[in-house]
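Enquirer: Here's the letter readout for the chains.
2 protein chains.
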Amino acid sequence: MRVQLNQINPKTLSFEDNQRIILSCLNKTNDDTLSIFPELSISGSPLFSRISYNDVFSFSSFVLDSLIKEKRDVIIGSALKIEDKKYNSLVFLSKGEVIGFSNKKRLSIFDEGFSIGNGIETINYKNETIAFGFMEDIEEFLDTKPKITTLILCSNTLFTLNKQKEVLENISIIARKLNANIVFCNRFGAEGGYIFNGASCIVNQKGEICALFDSFKQESEVFQIENIKKINQNALSHYKKILEGLSLSIRDYFDKNNIGKAVVGLSGGVDSALVAALAVRALGKERVIGVLMPSQYSSSHSISDALLSVKNLGIEHYIVPIEEMFFSCSNTYNSILKDNEFSLAEENLQSRLRCVTLMFFANKMKAALLNTTNKSEASVGYGTLYGDTSGAISVLADLYKTDVWLLSKFINEEYRKTANSSIDSLPIPANSIEKAPSAELRYDQKDTDSLPPYDILDKILMNYIDRSKNIEEICKEFDVEGIKVEKTIINRVIELVKINEWKRRQCPMAVKLSNSAFGIDKKFPIS
Amino acid sequence: MRVQLNQINPKTLSFEDNQRIILSCLNKTNDDTLSIFPELSISGSPLFSRISYNDVFSFSSFVLDSLIKEKRDVIIGSALKIEDKKYNSLVFLSKGEVIGFSNKKRLSIFDEGFSIGNGIETINYKNETIAFGFMEDIEEFLDTKPKITTLILCSNTLFTLNKQKEVLENISIIARKLNANIVFCNRFGAEGGYIFNGASCIVNQKGEICALFDSFKQESEVFQIENIKKINQNALSHYKKILEGLSLSIRDYFDKNNIGKAVVGLSGGVDSALVAALAVRALGKERVIGVLMPSQYSSSHSISDALLSVKNLGIEHYIVPIEEMFFSCSNTYNSILKDNEFSLAEENLQSRLRCVTLMFFANKMKAALLNTTNKSEASVGYGTLYGDTSGAISVLADLYKTDVWLLSKFINEEYRKTANSSIDSLPIPANSIEKAPSAELRYDQKDTDSLPPYDILDKILMNYIDRSKNIEEICKEFDVEGIKVEKTIINRVIELVKINEWKRRQCPMAVKLSNSAFGIDKKFPIS
Chain A
1 MRVQLNQINP KTLSFEDNQR IILSCLNKTN DDTLSIFPEL SISGSPLFSR ISYNDVFSFS
61 SFVLDSLIKE KRDVIIGSAL KIEDKKYNSL VFLSKGEVIG FSNKKRLSIF DEGFSIGNGI
121 ETINYKNETI AFGFMEDIEE FLDTKPKITT LILCSNTLFT LNKQKEVLEN ISIIARKLNA
181 NIVFCNRFGA EGGYIFNGAS CIVNQKGEIC ALFDSFKQES EVFQIENIKK INQNALSHYK
241 KILEGLSLSI RDYFDKNNIG KAVVGLSGGV DSALVAALAV RALGKERVIG VLMPSQYSSS
301 HSISDALLSV KNLGIEHYIV PIEEMFFSCS NTYNSILKDN EFSLAEENLQ SRLRCVTLMF
361 FANKMKAALL NTTNKSEASV GYGTLYGDTS GAISVLADLY KTDVWLLSKF INEEYRKTAN
421 SSIDSLPIPA NSIEKAPSAE LRYDQKDTDS LPPYDILDKI LMNYIDRSKN IEEICKEFDV
481 EGIKVEKTII NRVIELVKIN EWKRRQCPMA VKLSNSAFGI DKKFPIS
Chain B
528 MRVQLNQINP KTLSFEDNQR IILSCLNKTN DDTLSIFPEL SISGSPLFSR ISYNDVFSFS
588 SFVLDSLIKE KRDVIIGSAL KIEDKKYNSL VFLSKGEVIG FSNKKRLSIF DEGFSIGNGI
648 ETINYKNETI AFGFMEDIEE FLDTKPKITT LILCSNTLFT LNKQKEVLEN ISIIARKLNA
708 NIVFCNRFGA EGGYIFNGAS CIVNQKGEIC ALFDSFKQES EVFQIENIKK INQNALSHYK
768 KILEGLSLSI RDYFDKNNIG KAVVGLSGGV DSALVAALAV RALGKERVIG VLMPSQYSSS
828 HSISDALLSV KNLGIEHYIV PIEEMFFSCS NTYNSILKDN EFSLAEENLQ SRLRCVTLMF
888 FANKMKAALL NTTNKSEASV GYGTLYGDTS GAISVLADLY KTDVWLLSKF INEEYRKTAN
948 SSIDSLPIPA NSIEKAPSAE LRYDQKDTDS LPPYDILDKI LMNYIDRSKN IEEICKEFDV
1008 EGIKVEKTII NRVIELVKIN EWKRRQCPMA VKLSNSAFGI DKKFPIS
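Protein sequences appear in the order of chains A and B.
To convert, note that position 314 of the first sequence is 314 in the working numbering; the numbers rise steadily by one, no gaps.
To convert, note that position 311 of the second sequence is 838 in the working numbering; the numbers rise steadily by one, no gaps.
Worth flagging that the hints you see were computed from the coordinates, not collected in a lab.
Where hints are given, some of them may not hold.
[What the hints assert, rightly or not] Here's a subset of chain A near chain B, in silico, CB distances under 10 Å, partners left out:
hint, residue
1, Tyr333
2, Ala345
3, Glu434
4, Asp479
Since we're looking at a predicted model, the values are computed, not measured.
Virtual Cβ for every residue (Gly too), placed ideally from N, Cα, C.
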């Protein structure tokens, strides 16, 4: 059997764009081939509440009808209305006819609004008994102990850092259980904070990987299933995966929403320097604008480090001192309130005026602001709402500070390998990585004034947020590892996570990298 | 059988507070009585990701053990770990022992992390065969055609405007099917945008309502089930329900989070006047602060109407003109950008400086800002992110503008019935209700410059958002009703809903009143 495996990146509800992508794949092969496309290729996904609207189904049918007219052999994911029921369906087309459906049975959280279907279907195709359906429905199918030669699984599996390994292991097990070849067709691309995992593959009946696509790009290739042989997979390294995933999420956000340019507020710190470097990688230097907003509390290295970022990345930049605006506001307020004491309100005021400034520049340039909050800050609410928590998309919000440093070093290392470079030309200035983190909202402020050192903080947070450990269990972990941390410190960190949920609820969508991304996987009560 | 029906308002994860509330109910009656409490009374709810933490279960068990020691007859909702499985459970205590559990089987979206239990349980109690369990598990229980005298259902049913009617009708049907008395025990109170429905009731085997609590307050009453008789229910009017629900949500948000005061930006418009009036009703006038922030584009009535709000509500207020700050910022920006054209950026700048001002005042006064965005604005993105979309809780975000007007009139009417009042002393100034809505961000701006009139806009939105109709279907609706609206206008409104999802994702949590509250029920794709 000849199959064409198509790993595409549909754009949600852009039916014409998706139709064009699908047709261009079909045009690369011929009538003898069964072309396979991912789940919901025609409408894109996630559809959320749009599943309850009829037009999604009429537009999908319209595109499906046009594909039928191509008289080709195709398995493709589409929203489909059958007798007034709405399904997340895989449609099997052959020679101008629909020869089968597999409607998803085990609905996921993204399928709310779809009806429950019949799961994986078995069909005779070119004198073989094959089956096709959704990854989610595999368990029930295995229970029926089917006898098939090939199983085609389509999916919209999301990316997380360990997902590829999990998926491949799982598919190998299925292949051996069924003694059948498995064709796994997944989408790639990013949509609203979600990255899809790509990594479509073919696994033979021995469980050996015989074809494997990249996670982060479009691929379309024809395979003669009987002839495929085991390949060696080259897994990406941990930080390479993060780098590619984050770059893709920025690129897709801007391109799918037709936003020309990205604005980044450059503080000289590592978070904003990293986001600027990622944005340049994703969009190109012409589409990234750096804005420096020094105040009376900014150290000299804040400006010089930020300017080094600008220079090394080759991006347009502006310097907008906020001191005058700060005094214009605070003098007005304090004359009314008769209160001149420098407090949290004055610290937040600086951060909020920076947001006002960045949004003004973004509005004028029809650009979108990139948020630079990392997961450590988001966890403990170390940031000002309507200040540095702002932006259209939060690039680092699922990456702890210790990972921000390591990813920055990785990017610099990668750069040094490929370019004839000096330390002064690194994408992320060495001093931004090495200096002690500071919000610089009052004189000589350091993050460690209010938080434990990041190696300790992140260890507490990983235990509390990613592993759902409570305080007693975290204390035990530290004891076992021989790390001395007072219980009161752990308790305070957990308390901060708890009381800052209301802030996180108003933060931009985070790019999900883990199974515990805020706003997607992890939600705490507000009161 | 003597039962004590306890409609309480537990505070999420405040185990000691909840224990105190439960004990004070038990102290109101004696050993002969079966005291019934709602779902998750011990931990409060919704627990979201906290369900996956062990401490929730150890704290719950601790409180449960203390209740066992009371040696009373009690049915109470608690998170419960049984042999390493985590359940949303109802525990039946009698004379110092646990005599039964009903663990929820049909898990809702709030139960993610709980294991699937056995559903409604039948038990012999005081020589009667009774059953107890969760409202969600009723269907499966009915299928078993049980023979019981009384069914006790506990719940955390959410409030929406039609919920009470639906619940009572449903319970009547169940009572008649079972030929049994039903005791329905629901919680009341608000938590993070959710309002619970209260309205606990007893319905006899004929399906007649024999006891019915209010939706919005704590009630605890003893009934001899054999003696209860049909009562006449006094349903609250539509706007009275909205008024009570919104007031409760403000009060619970501030009290449960220990926030002393509320700040409201008063523009002279109806939305902010209404929110201020609701805040005074919820918190008392001493806890509400009005801030007026006139600019060069403010009309004279903006200030006079806002001052009338302040006077009639008797609240503290400040006047903070933003003109000077505006020019300090825009002059700085424009000198750098060499661009003096008045654009959207300048409009947004005013709105954002108002947010900066309100947050400064809120920070200084350890207060929280109330957001005043209505559902019409939230739908079409008529508002400035980090400007007038800001606040800790969004009071009106599930109420269309046409309802904002009607609710305001209702409040004024209610006030005129109870007080010896003149038109000048109304809680919501008549002129704020009557004048044409305007954002006043440029000279002589009106909402209708960029939007259709609100009666048309809201009709489109209700069809699109609440009823999930697409454009063709909405056109048909208007045709049938004989209302002339061009298709391009409907299309533009729908397009605005679509492209503003990214803004709504960053808006404060909305108080849910309908089945289509943004951020809770209704979610659109971002790209």
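Enquirer: Next step is simple, just say for each hint if it's right about the structure.
Expert: Cross-check of the supplied hints:
no.	hint	verdict
1	Tyr333	holds (5 Å)
2	Ala345	holds (4 Å)
3	Glu434	violated (31 Å)
4	Asp479	violated (17 Å)
The structure fails hints 3, 4 (numbered hints given earlier, in ascending order).
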